[in-house]
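Produce the complete structure using the sequences and hints provided.
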Amino acid sequence: MREIDVRLITERVRELCIKANTELGDDVIEAFDRAMKKEESPLGLEILKELKENARIAKEEDVPICQDTGVAIVFIELGQDVHLVGGDMNEAIQEGVRQGYRDGYLRKSICHPFTRSNTGDNTPAIIHTEIVPGERIKILVAPKGGGSENMSRLQMLTPSDGVEGIKKFVVQSIKESGSNPCPPTIVGVGIGGNFEQSALLAKKSLLRPLGSKNPNPELDQLERDILEEINKLGIGPQGLGGRTTSPAVHILMMPCHIASLPLAVNIQCHAHRHKEVVI
Amino acid sequence: MGDIMRDPFRLNTPLSDKDIEDLKSGDRVTISGILYTGRDAAHRRLYDLLKEGRDLPVDLRGQIIYYVGPTPARPGKVIGSAGPTTSYRMDVYAPLLIERGLKGMIGKGMRSEAVKEAMKRYKAVYFAATGGAGALLARHIKRAEVVAYEDLGPEAIRKLEVEDFPVIVINDVRGHDLYREGEKKYRKE
Numbered sequence: 001m002r003e004i005d006v007r008l009i010t011e012r013v014r015e016l017c018i019k020a021n022t023e024l025g026d027d028v029i030e031a032f033d034r035a036m037k038k039e040e041s042p043l044g045l046e047i048l049k050e051l052k053e054n055a056r057i058a059k060e061e062d063v064p065i066c067q068d069t070g071v072a073i074v075f076i077e078l079g080q081d082v083h084l085v086g087g088d089m090n091e092a093i094q095e096g097v098r099q100g101y102r103d104g105y106l107r108k109s110i111c112h113p114f115t116r117s118n119t120g121d122n123t124p125a126i127i128h129t130e131i132v133p134g135e136r137i138k139i140l141v142a143p144k145g146g147g148s149e150n151m152s153r154l155q156m157l158t159p160s161d162g163v164e165g166i167k168k169f170v171v172q173s174i175k176e177s178g179s180n181p182c183p184p185t186i187v188g189v190g191i192g193g194n195f196e197q198s199a200l201l202a203k204k205s206l207l208r209p210l211g212s213k214n215p216n217p218e219l220d221q222l223e224r225d226i227l228e229e230i231n232k233l234g235i236g237p238q239g240l241g242g243r244t245t246s247p248a249v250h251i252l253m254m255p256c257h258i259a260s261l262p263l264a265v266n267i268q269c270h271a272h273r274h275k276e277v278v279i
Numbered sequence: 001m002g003d004i005m006r007d008p009f010r011l012n013t014p015l016s017d018k019d020i021e022d023l024k025s026g027d028r029v030t031i032s033g034i035l036y037t038g039r040d041a042a043h044r045r046l047y048d049l050l051k052e053g054r055d056l057p058v059d060l061r062g063q064i065i066y067y068v069g070p071t072p073a074r075p076g077k078v079i080g081s082a083g084p085t086t087s088y089r090m091d092v093y094a095p096l097l098i099e100r101g102l103k104g105m106i107g108k109g110m111r112s113e114a115v116k117e118a119m120k121r122y123k124a125v126y127f128a129a130t131g132g133a134g135a136l137l138a139r140h141i142k143r144a145e146v147v148a149y150e151d152l153g154p155e156a157i158r159k160l161e162v163e164d165f166p167v168i169v170i171n172d173v174r175g176h177d178l179y180r181e182g183e184k185k186y187r188k189e
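Respectively, the protein sequence lines represent chains A and B.
Using the numbering used here, the first residue of the first sequence is number 1, and each one after it goes up by one.
Using the numbering used here, the first residue of the second sequence is number 1, and each one after it goes up by one.
Because the hints were derived from the structure by calculation, they are not lab data.
Treat the hints with care, as some may be off.
As a list, the in silico DSSO-like pairs of lysine-lysine whose alpha-carbon atoms are at most 27 angstroms apart [to be verified]:
no.: 1; chain 1: A; residue 1: Lys37; chain 2: A; residue 2: Lys59
no.: 2; chain 1: A; residue 1: Lys167; chain 2: B; residue 2: Lys184
no.: 3; chain 1: B; residue 1: Lys24; chain 2: A; residue 2: Lys49
no.: 4; chain 1: B; residue 1: Lys185; chain 2: A; residue 2: Lys37
no.: 5; chain 1: A; residue 1: Lys52; chain 2: A; residue 2: Lys275
no.: 6; chain 1: A; residue 1: Lys167; chain 2: B; residue 2: Lys188
no.: 7; chain 1: B; residue 1: Lys185; chain 2: A; residue 2: Lys167
no.: 8; chain 1: B; residue 1: Lys188; chain 2: A; residue 2: Lys168
no.: 9; chain 1: A; residue 1: Lys175; chain 2: A; residue 2: Lys232
no.: 10; chain 1: B; residue 1: Lys120; chain 2: B; residue 2: Lys24
no.: 11; chain 1: A; residue 1: Lys49; chain 2: B; residue 2: Lys77
no.: 12; chain 1: A; residue 1: Lys59; chain 2: B; residue 2: Lys142
no.: 13; chain 1: A; residue 1: Lys52; chain 2: B; residue 2: Lys77
no.: 14; chain 1: A; residue 1: Lys232; chain 2: A; residue 2: Lys52
no.: 15; chain 1: B; residue 1: Lys24; chain 2: B; residue 2: Lys185
no.: 16; chain 1: A; residue 1: Lys138; chain 2: A; residue 2: Lys204
no.: 17; chain 1: B; residue 1: Lys123; chain 2: B; residue 2: Lys159
no.: 18; chain 1: A; residue 1: Lys37; chain 2: B; residue 2: Lys184
no.: 19; chain 1: B; residue 1: Lys51; chain 2: B; residue 2: Lys159
no.: 20; chain 1: A; residue 1: Lys232; chain 2: B; residue 2: Lys185
no.: 21; chain 1: B; residue 1: Lys51; chain 2: B; residue 2: Lys123
no.: 22; chain 1: A; residue 1: Lys175; chain 2: B; residue 2: Lys185
no.: 23; chain 1: B; residue 1: Lys24; chain 2: A; residue 2: Lys175
no.: 24; chain 1: A; residue 1: Lys232; chain 2: B; residue 2: Lys188
no.: 25; chain 1: B; residue 1: Lys24; chain 2: B; residue 2: Lys123
On a predicted model such as this, the values are computed, not experimentally measured, just so you know.
If you want it as structure tokens, here you go:
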């Protein structure tokens, strides 16, 4: 048994909120570089260069990559041999988000659904907690913008729709979203589970490093097939036309009910931000 | 579509009908002068005022609205990150604002047929700035002050003074649409 004070969680979440919003991951920068080699549209190429330059300025000047610093999504992997002391873990996470968005000069983007009145401190964050073996805590913070989240889709397909139905729905979702979700977009796909699980799988699939292969050969092939179709659409960087609509499709899958084929498509804009730490 | 290798057009605000007529879908433009910020919540208020026949807190005739909710400025800075938000959410409000004299909108993403029709009829133009390039775009903003709806926080209406703010013409008064035409050009069957 290991004791961990929840105040340490607050401090780490605070730091991760700020870092995730100002430092774009190397895997995303490398994806821009790969896209630049393939992009045929001069305007598309110009946009990709701007995005790389934007990431450089953000890091250098400590200014957010994008003004939409998002809803703070916090993934916690809590070791079952950890004993948390000093307070409520969920409240400690919310406090970390509150401090991070205040001290990092990040935009507060959370409001009441009806009145649209801003909560003022970017809480509540969305927290996903998983209990895992061991005596460590992994904290991952992923700020997610509204533009790409708004274009995400969930469909309860029927078993007869099969793999072809899955491909068709994912490609159609990207086609309809066009220029709206800030392409190049990373396409997160969750297959199976049930209604809410498929959405969570889609979100989690986005966290795999860009440029890495799906460990499941069947899904690896499906990712390639869908990606090829998506990049034939011609949407391109910022929807202005071009080859690079998406640098990657990521899939997570799990078994589902004999009556169902749940499918979720979570679109991630090119400002693909997430940072993690292990305590 | 305009020739993208050509140097950008330089445009100063406020915009005249002649300025608008000269712009073509695909043109790269740099804007200097004043931009007013406004997004979802501010648009709802502006729209309601017009519907009630009341005056707006800012005179938008000849002006450009930039769909943006910037991040807070660090001490000593003019503004934080300030890139465009997705425009379609303003589609229900935009035609009335255009009818009353708004000349330009800066955002990202497709517009509705009603907005495109209003742009043709009353001579207005829709520009896109690069979404997700908020750090880069903020460098072109030289002054910023809240002029209405301070209670809306990031959604307040701000008056921005900009220099060579880089945008691309998406929809012009002739009914061209760079998103449609660009996508069609690079689509593979």
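Taking the numbered hints from earlier one at a time, note which ones the structure violates and give those numbers from smallest to largest.
-> none
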